[in-house]
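Q: If you want the building blocks of each chain, they are given just below.
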Amino acid sequence: MTDVIASPAGALFALDLWHSADPAAVAAAISLALPAPGQAVEDERGTVLRLSRQRWWLLGDGFADLAHDSALTDHGVISAVGGGWTRVQMTRPDWRALLMTSGLIDAEHPDFGPGSTAISLLCHVRCVIHVRAAQACDIFVPASYTDHCLAQWRGQ
Amino acid sequence: MGAERYSALALLRGAMTGHRHWGRAWRAAEPRGPYDVIIIGGGGHGLATAYYLARDHGVRRVAVVEKGYIGGGNTGRNTTIVRSNYRQPALQRLFEYSLKLWHGLSDDLNYNVMFSPRGALFLGHSDADMVRLAERGDAMIAQGLDADLIDRDAVARLVPLLDMGRDARWPIEGGLIQRRGGTARHDAVAWGYARAADDLGVDIIENCEVTGFLRDGNRVTGVSTTRGDISGGRTGICVAGNSGHVAGLAGLRLPLESHTLQAWVTEPVKPMIDTVVMSQTLHCYFSQSDKGGIVGGGDPDFFPSYAQRGAPLRLDDSISQAIALAPALSRLRMVRTWAGVTDMSFDGSPVIGETPLDGLYVNGGWCYGGFKATPGSGKLYAHLLATGTSHAITAPFDLARFAQGRTIDEVGAGPMPQHR
Amino acid sequence: MRSGSGITAESVAFSFDGTTYHGQRGDTLAAALIANGVQLVARSFKLHRPRGIMAAGVEEASALVTVGSGAHGEPNVRASDVYLYPGLVARSQNAWPSLRRDIGAVNSLAAALIPAGFYYKTFFGPPSRWMLYERFIRRAAGLGQPPRLPDPDHYGHRSAFCDVLVVGAGPAGLNAALAATLAGKRVILIEQDVLPGGTLLREDVTINGAPGAHWAQYVVARILEAGGRVLTRTTATGYWDDNFVTAVERRVEPGQPGTGEAQVSWRLRCGEVVLATGAIERPLVFVNNDLPGVMLAGAVRELALRHGVVPGRRAVIATSHDEAYRTAFALAALGVDIVAILDSRADPAGPVIAVARARFTVLTDARPLRAWRRGMAMAGLEAQVGGTRQSFAIDCLAMSGGSSPVLHLHRQAGGALEFDAARGAFLPGAGRQRHSTLGAAAGVHDLAALLPDATVVDPLGAGTPPAPGPVWRDEAPGKAFVDFQNDVTTADLALAQREGYVSVEHTKRYTTLGMGTDQGKTGAMVALAQIADLRALPLPDTGLTTFRAPYTPVTLGAFAGPMRGDHAAPLRRLALANAHDALGALWVPAGAWMRPRAYPHQGESLGVASLREARMVRANVGVVDVSSLAKFEIAGPDALTLVAAVCATPVAKLAVGRGRYTVMLREDGMVMDDGTLWRLEETRWLLTSSTGGAARMARHLTYVADVLLGHPRAAVVDLGEHWAGLALAGPAAAHVLAGLTGAPVPAHMGLDAAHLAGVPVRILAASYSGERAFEVHVRRDQAAPVFAALVEAARAAGGGVYGLDAMDHLRVEKGHVVIGAEADGRTTPADLGMAGMLRKTGGYVGWQGLTRPALADAATRRQLVGLTALDAGAIAEGAMLVAREGAEPVGHVTTAAPRVAGEGAIALGLLLNGAARHGDRLLAWSPTRHSTVPVEVGPPLFFDPEGARYRD
Amino acid sequence: MLLIPCPHCGPRNQEEFAYERTLDSVVRLDDAPDVALSALYTRANLRGDDHEIWTHAQGCGQWLRLTRHRMTHAIHSVEPL
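Chains as they are written, first to last, in the numbering used here: chain A, 1 to 156; chain B, 1 to 420; chain C, 1 to 952; chain D, 1 to 81.
With the rest of the complex left out, here is chain A:
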């Protein structure tokens, strides 16, 4: 099916802040909006997703320079992780129903709208979910599991 498209995640960076760091202060220091739990924000450089208490994902070539931003070094660290993830773009109206066949997360919840992120098990694999629009959702799948997940999402 052409509405489930898989590609390498490409320019994807993990931003880890120390437990002691204040995200708001860091955000100001490096001029980067750091979204709250369960959320993602987009700017001209790309997308920033919140993954956990101390981890954000930065998706986009524009973030590569941040790795060397001295303003960050006291607060955290950035690592390239994109080789390990496949970005599966679902651009079909029933993507929520599709997720409900593969996992136990409430993708049909009215609050789980565009800009939401979550990590959960889909097809028994830990995946990162990013709702991009009402009818578009990105699923980041650990690269080695790509075939396994796609086979189920493409109905094989």
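No lab work stands behind these hints, which were simulated from the structure alone.
These numbers come from a predicted model, not from an experiment.
Hints may be right or wrong, so weigh each one.
Claimed, not checked - Interface residues of chain C toward chain A, partial, derived using beta-carbon atoms under 8 Å: (1) R158; (2) L571; (3) D581; (4) L586.
Stated by the list, open to error - Result set (SDA-like, lysine to any residue): computed pairs, CA atoms no more than 25 Å apart in a straight line: (5) C/K479 x C/G603; (6) C/K185 x A/T73; (7) B/K270 x B/P356; (8) C/K479 x C/W96; (9) B/K100 x C/V385; (10) B/K270 x C/G70; (11) C/K479 x C/E505; (12) B/K270 x C/G902; (13) B/K67 x C/S98; (14) C/K653 x A/T73; (15) B/K67 x B/D107; (16) C/K479 x C/R373; (17) B/K67 x B/D229; (18) C/K185 x D/P11; (19) B/K67 x C/K653.
We put the beta carbon where it would ideally sit given N, CA and C, even for glycine.
Starting from the structure of chain A, add chains B, C and D where the hints point.
A: This is chains B, C and D only, laid out in the frame that chain A set:
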């Protein structure tokens, strides 16, 4: 005492009289201390212990106190598999001692426990698996146990419903079979031991929950129960699943956690699987009961609980594995699932020995594999409770082994039960 | 028989035991069989008694048939729980040679010999003798024939979340679902029937001026309109912790071929759960109460009013309460001769009774004693009527011994029970989770009371609640059944009590009461009443067995859902899988991964290929894919603290740009994993560890960081998937690599960044093979050109690719341990000859565990040794190390290999006190493989002991 | 099937979490050997409330301290560690 012997002839007589001549299989005993030995727990192990205490050691004043009905814990909740195909010598000796007793148990007890040595088969799914099975078999044979490493064709003949396709998710390369292993009727084991022990004068006291221990300094002198205090010479805890709780009543902390293990059974069908099929690589096992249901199980639930209640998705795993191995199982229907509470010990092996308190002994920590040990565990625990010293076979299973570095870790998974 | 009541529907052809019949769409198989006059449908489990249809729902205990042909066959289907479809093929089961003439019926003659638990009292002798008996017992037991072919059906999994789940679309459930919908809640309504309505489908009532079934359709439409979900033909089977409910939806009927998902397994997480699961009618206990023609009164009513089918021409209604009177009116309306209504009450009164008395013969203080048959179906009934006995020539008995609320899910959820003596039934008490019970499941049968906001017209609904039927006290000789499927009689219950199996669990397990496929849905309460009577106890004091999922039997395939075939468990694929395939890789499973084992040439065996590949590495150069190894970066000012806590070897002095072999221990001191530790920058480290231990190591690292060290300023980044890893090894490796990168290669245990095939890579100079070797780390998504360039350059240098087996041969020769083989979870660093590598100061995970005294007792520790075969034979991996065949093993062979450099066989092993036994001769004995090879014990190092080959 | 309220992700299914150990069985790196071995190898194993460490392993990875009842499975509190 002096119960009528069971036999075909006695049944025939019953047929003439409407079976009105049968008496109670065991008395509904009232507590009447002091006892020489008090056994806490009326499961198979506790009842067997009582039986062998009375029969082999001449200890006549024995009480088995049971919080509910006998055989109501893990004795009546397991998947009835009997085998001794372990890798570690200490475990081989323990379970083989038991397996030998199984072979004569129905006659011993004059109660048909339906021990059916139909073979216990471990499947191998790769060359590496086959090496591990061979190693296990070699170790077994070296200890005088029976083991046969069999090839694909032999496995296919033994269990024709297995998917022998080379492209299966878990292809079957062969197996290791212990032909003297098999299954038994779990309830009958409890009832048979109860009847035989009762016949030797043992008091089996049901609906009698232990609520504390009677103490004289560091010595345990009996138990407090919901039916009053009962005093005794030696007291043996034999409540696998609840060992931590009962030992806790004496202020002890044991090297184990109570976890949940689930099992399932399908509707009965005509014979389709004649062997006990197990896969250690996959953590699933199944066999067919005499009634016709396929009985299966898999991994435990991996978190502490006394609830006898599992999580549903854990069942999906063992069932999907069973279907992958034997695709025809897919169309059978599950009629019941259930859960037991298992003592998960911190090396995967049982704990049998004295405790820091004088006169108090413990037998538990059987993880998910205690049923098969019932006769041996009972007989060896009886030895300990009668003599105050461990039998050579159970000596390695003492409580001190953990702190001393003598753990008996069959799978090498270390102390945490959820990694086992 | 089908009445000519004006019901017209599409005719559907089906067959039963080879005879073709016609039913109507919407019929259950049960209804269609009865419509065709088929009364004998099954044989019972133990006694092979003739059985017919008894119930109209999932409680049917007797009429089990096999439906479908070939791979689509499904045994033990309740005839009342399969809806007709064209071509439905049903067969009877547990009968031979035919249902009518079943040899197994001799069991009935021998019944006196085989009371409950008879098998515990006989069949003694050695196990072999029992197994002989068992063979016959097993064949006699079972019900249907098992499937033997792979299942052609597909099954799905679905999850759904809701504020309110309503189980049961009868009047109470519909009303609750409607109310929740109107309140703006997310609602899911599930119903096991194909149609919503529940009892509205079988009672002659109107709601708001229309038939009850129409109101049900209206409510469903409203729920759907509001965005709610209504699942029909879906059974809630399990109620688990935290309001998690599992349900199974049947999308095609049993035995029916279909293309999509045959069944869907739903996992529902619910804010609250409303249980409107209805009630199940109880049978009466009397002799031969199991005959074909004896049915539950509600079932008879459902057949009549829903399907227009009547099970006989002359009927008696036997009851203990008002509700069953409805059946008399329903049958009479279809022309059945109601011979009598037998009411066990002495003096029933009320409007329903009054209406009935006006039309029918109502006999009070009256109850059945004995039914008899002609051929295979009921022919008459003897009843006790006051002080006299009367006989009736009838072909149908509609009975009702009261009603049992369906509290299965309530109990699974941990809800309490309260006994209602008037109903002789348990009613739901307090729930432990967020659930409530409504309608007949809560003992409320009065429709008007259930639907206070609707205008209900139900002239026969004004009756008293269902009361229990009389206890059976052997008033007539013969078998009176309490569990129809398992042939448990009142005599069996009495025997169990006599023998002391008095706990209800003992009674159940001894007699098999309630252990059939119906799990005692109809019989359990009847049996409890009998037991209470035998023991002279109040019924609640008899105890109750545990309710366990599933509520009705569930196809195993539905549990597995999409977890079938290749997807029974996820399979992980290497980035370079296609490239390996193109090179002719032979694959081997390694946990969830598939990895190349060797690349055999045409006609080459695996063993030959692996040895060739290993020798190629010793002679020239080889490339192997090590991508599946775990890789973690640990970065931040406190990274050293974390690394030092996890690694048991010295780490602090490692220079930037250098690496070192390291081991990680469990808290008990055993080796958990090993790998290499690299200092990429002052505060950035790379730790590699084993493939199989990757998930464990990921968890361990964060546990140590977050729990033990309290969040040091160090991030743990799992890069196992990010980096593909390609090892290049051999005397020509440095030359080949330098040629590809155009730069000098790093020194042994050094690292460098480079470009290879135009792609940035990291080069780690570490050797596993004992040759000069490099691990090239490259982003997974850029690995293909790097691999291609490495392979091409290696080939040009006379080398090529090698697989896992060759890698294993090479490392055995060097004595490197593998997690799972030598480091088997029972070995300490000292056992593996690594004691000298440990940090003397402790401070790492596992140091305390290592202080345990027995671990220092070499005589009892199995220690790593090398083994050299003293004859030409290959050493069997896993073989026991013994002084002579049959002797107590003193160790075992952990990994065996052919010598790569030279000829002969070598191995690594774990041997008691092995470090002190170099020079000893033992046997590597494998009785399972009939192999015995004499070996000499030595150090675990067979090649290049000085390490000259891998150093610069 | 527990529903565990992850402080970061919200309520999630038990499937995503892994039980690690009881709080009293944590072995500190500087514990003396006898203290460490006692923590590692003994448990109160309460048939009631106990304090446990879990991780949201298949979610955000957060380590958690749960107070949970071993009979009812009721979770009384969840705090990030």
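Q: When you check the alpha-carbon spacing of C/K479 and C/W96, does it fall within 25 Å?
A: Since the Cα atoms of C/K479 and C/W96 sit roughly 23 Å apart, the hinted pair holds (cutoff 25 Å).
Q: Just to be careful: measuring from the Cβ of C/D581 to every Cβ in chain A, is the smallest value less than 8 Å?
A: Status violated, d = 13 Å.
Q: Mind checking the alpha carbons of B/K67 and C/S98 for me, to see if they're no more than 25 Å apart?
A: violated, 49 Å
Q: Quick one, are C/K653 and A/T73 close enough, alpha carbons at most 25 Å?
A: holds, 23 Å
Q: Holds or violated: C/K479 and C/R373, Cα atoms, limit 25 Å.
A: Holds: C/K479 and C/R373 sit about 14 Å apart, inside 25 Å.
Q: Between the alpha carbons of B/K67 and C/K653, is the straight-line distance 25 Å or under?
A: Status violated; Cα separation ~61 Å.
Q: Is the interface hint satisfied for C/L586? The criterion is a beta-carbon contact with chain A at less than 8 Å.
A: For C/L586, the interface hint is violated, since the closest Cβ of chain A sits about 20 Å away, which is over 8 Å.
Q: Does the structure keep B/K67 and B/D107 at a Cα separation of 25 Å or less?
A: violated, 29 Å
Q: Would you mind confirming whether the straight-line C-alpha gap from C/K479 to C/E505 stays at or under 25 Å?
A: Holds. C/K479 to C/E505 sits at ~23 Å (cutoff 25 Å).
Q: For the pair supplied as a hint, B/K100 and C/V385, confirm whether the alpha-carbon distance does not exceed 25 Å.
A: violated, 61 Å
Q: Please check whether C/R158 passes as an interface residue: C-beta within 8 Å of a C-beta belonging to chain A.
A: holds, 6 Å
Q: Take the C-alpha atoms of C/K479 and C/G603, compute the straight-line distance between them, and say whether it is at most 25 Å.
A: Violated - the C-alpha atoms of C/G603 and C/K479 are around 72 Å apart, more than 25 Å.
Violated hints, listed in ascending order, are 3, 4, 5, 6, 7, 9, 12, 13, 15, 19; each of the other numbered hints is respected by the structure.
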